[in-house]
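Colleague: Below, each chain spelled out in residue letters.
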Amino acid sequence: MRIVVCVKEVLDPDAVNNYALAGHLEIGEDGKSLTQTAIPRLMNGFDEQAVEAALRLRDAGVECQIGVVSVGPDPAANIKHAAALGADQIAAVPNAGPSPDYHLVAALLAAYVRSSGGADLVLCGRQASDDDQGVVPALVCEALGIPLVTNARAVEQVGTAFRITRVTPDGDEVVEAPAPVVVTVSNELGEPRYPTAARKIAARRMKPEIISPEALSLTDEDLRPRVVAQRQFVPTVQGSCEFLSGETPAELSQALVARLRQDGLIS
Amino acid sequence: MSSKRILVCTRSESAGAPSVGAEEALTLGRRLASSLGVRLSWLVLGPLPDGGLETAGRFGVDDVDQIEDPRLDGFSPDASVEALAAYCQQESPALAIFSQTPDTRLVAPRLAGRLGAGVVMNTVDVVVGADGALEATASAYGGDTRVVYQLSGAPSYVVALSASAVSPEPAPDGPTSPECRTISPDLAAIEERVRVIEHARSEGPRLEEADVIVSGGRGLGSPENYKLIEQLAEALGGLAGASRPIVDEGWVDSSQQVGLTGKITRPTLYLAAGISGASQHMAGCSAAGTIVAINRDPDAAIFRYCRYGVVGDCLEILPELIRAARQ
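Protein chains in written order, with our numbering: chain L, 1 to 267; chain V, 1 to 327.
Hints are computed from structural coordinates only; laboratory data are not their basis. Be aware that one or more of the hints could be misleading.
What the hints assert, rightly or not - Quick partial rundown of chain L residues pointing at chain V, CB under 10 Å, derived from the structure:
#  : residue
1  : L11
2  : A106
3  : A143
4  : V175
5  : R193
6  : Y194
7  : I210
8  : I211
9  : E214
10 : A215
11 : L216
12 : L218
13 : Q254
14 : I266
Claimed, not checked - DEER-style ranges, computed between Cβ atoms:
#  : chain 1 : residue 1 : chain 2 : residue 2 : range
15 : L       : S245      : V       : K227      : 43 to 49 Å
16 : L       : F233      : V       : G221      : 52 to 58 Å
17 : V       : R296      : L       : A161      : 47 to 53 Å
18 : L       : K200      : V       : R296      : 37 to 43 Å
19 : L       : R231      : V       : S167      : 30 to 36 Å
20 : V       : E203      : L       : E214      : 50 to 56 Å
21 : L       : A161      : V       : R201      : 49 to 55 Å
22 : V       : G221      : L       : A161      : 43 to 49 Å
23 : L       : Y194      : V       : R181      : 35 to 41 Å
All C-beta atoms in this analysis are idealised placements derived from N, C-alpha and C, irrespective of residue type, glycine included.
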């Protein structure tokens, strides 16, 4: 069985968030990019969990080849981490431009899956922590004409099909999907494993296959940008918080409860 | 392009039930349709909500189209995408607006893929730009930033509108008198490829519907202290929620996670204890009527969103709050 995991490199979302909480998140002169060059780039967390989902299938005894592919301006660095985690093949599709239209990303990924021999299972993180859009997996599934299962916390193989436990607002749901299928993974899957020292060393010797977008024979329609980021800004949140006063925790608490009762919010 | 209408798509869960976010989507749709000088259509999958035509008139809808088919019962993504795609291929809307829900997060981008349309999720606004092309503003980085996307190059577009991004407003030009048309797409060939083996069993009341929520975060210090959140929630007649970090740590089940990738709640009262106020979390509770925070850091970001704040140690304040609430 062939599994292809699609991964994206993003700015460390926790670092971005810390800058935001401190009120220091800024947009540069191009009006689009975040200025903080100190923020590290790393593999999107949900995509790491997608790699983990693939590795768990292998651990469960499924005979599979795990390929990891990344599209981006400089994907090779990101891909090495996938190798260290345990991928059998790693591929990178360098894409000119810092933020490609995700329709193009999806077209490149679908073309890669087709041209590299197809896949029984395509795994993706549920969304990227930078744009949060989460549309690439759906666009890929439609391009390949295969079904999509979202928000998986567990993926198992049963015969030639997959049994997937999904996170839904009403709790866990279990579905069965035939191969081939695109599955997106959510953080409820749990902690991804850390690469072992031995794997990290072995990964250094793994060369990613670099595939130029031209080699993937995209149509003019695939290449035409459709949704283009024009600018990015940090929204200002106007606060008007009334801080309650009291000398002791008991006083503060009584003041708050009294106020909430007065406002009719609690009985 | 000038003759292409604006379309709002909603789905009714059960006969009569109003669709979450429908009025917000219709408000945005009316605004755009008026800016562009085109018609506003409302496509309902499933039965019309109670008072649906009246709602449609109030929000300035020009046409109501309804698709009812047993294949659309329950969550049937393949049938839904097929029905929507067939309709859009026939009617060619410039823009299809969905309310963002876990279901539309799957259906909207699949529809776009099927149609060769552009798609933007987490949308907070759509306007007509200076050059006549649509511009969609969406949140990014968990809500820390907003990105403005230009929508041009594709024949049509799909957007999913985030909950509470738009305030519902009746049509400024007064009500319309739309007619309702029933559409019957041919879904006979559709068989859902994904089969549900075990349905989710919703255990008890849902956070999304709770009127009062008390949530805890890292400021609680350790997992045992989460019981203070549960006790306070109970004392206030509400439900207990959590921020993502403590869910990831395993202190609490993921079903209680409030946030961008968890539950989007809209209670009358949201009390956050030991939560920093990261955008990712606020995305799940900023629609609350009143937000109250308890945090030891007077500069914590969460206080920017609050109506009332208490600066102090959660572990000292919460037991006192429980006591006061029980009196």
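Colleague: Regarding the hint that L11 of chain L lies at the interface with chain V, is the smallest CB-CB distance below 10 Å?
Modeller: Hint on L11 of chain L: holds, closest Cβ of chain V at ~8 Å, below 10 Å.
Colleague: Should the hint that L216 of chain L touches chain V count as held when the rule is a Cβ pair under 10 Å?
Modeller: With a minimum Cβ separation of about 17 Å from chain V (threshold 10 Å), the hint on L216 of chain L is violated.
Colleague: Using the nearest Cβ pair, does E214 of chain L come within less than 10 Å of chain V?
Modeller: 20 Å, violated
Colleague: So does R231 of chain L sit 30 to 36 Å from S167 of chain V, Cβ to Cβ?
Modeller: At 24 Å between Cβs, range violated.
Colleague: Against chain V, is Q254 of chain L within 10 Å by beta-carbon distance?
Modeller: At 5 Å from the nearest chain V Cβ, Q254 of chain L passes the 10 Å test, so the hint holds.
Colleague: At a threshold of 10 Å, is the proposed contact between I266 of chain L and chain V supported by beta-carbon distances?
Modeller: Result: holds, 5 Å to nearest chain V Cβ.
Colleague: Would you say the C-beta atoms of Y194 of chain L and R181 of chain V sit inside 35 to 41 Å of each other?
Modeller: Since Y194 of chain L and R181 of chain V have Cβ atoms about 58 Å apart, the given range 35 to 41 Å is violated.
Colleague: Between G221 of chain V and A161 of chain L, does the C-beta distance stay in 43 to 49 Å?
Modeller: Hint holds: Cβ distance 45 Å, inside 43 to 49 Å.
Colleague: Has the hinted range 43 to 49 Å been met by the Cβ atoms of S245 of chain L and K227 of chain V?
Modeller: Since S245 of chain L and K227 of chain V have Cβ atoms about 28 Å apart, the given range 43 to 49 Å is violated.
Colleague: Using the Cβ atoms, figure out if A161 of chain L sits within 49 to 55 Å of R201 of chain V.
Modeller: 23 Å, violated
Colleague: Given a cut of 10 Å on the nearest C-beta pair, is the interface hint for I210 of chain L held or broken against chain V?
Modeller: 27 Å, violated
Colleague: Given Y194 of chain L as an interface hint, is the shortest Cβ-Cβ distance to chain V below 10 Å?
Modeller: 16 Å, violated
Of the numbered hints listed earlier, those contradicted by the structure are 5, 6, 7, 8, 9, 10, 11, 12, 15, 16, 19, 21, 23.
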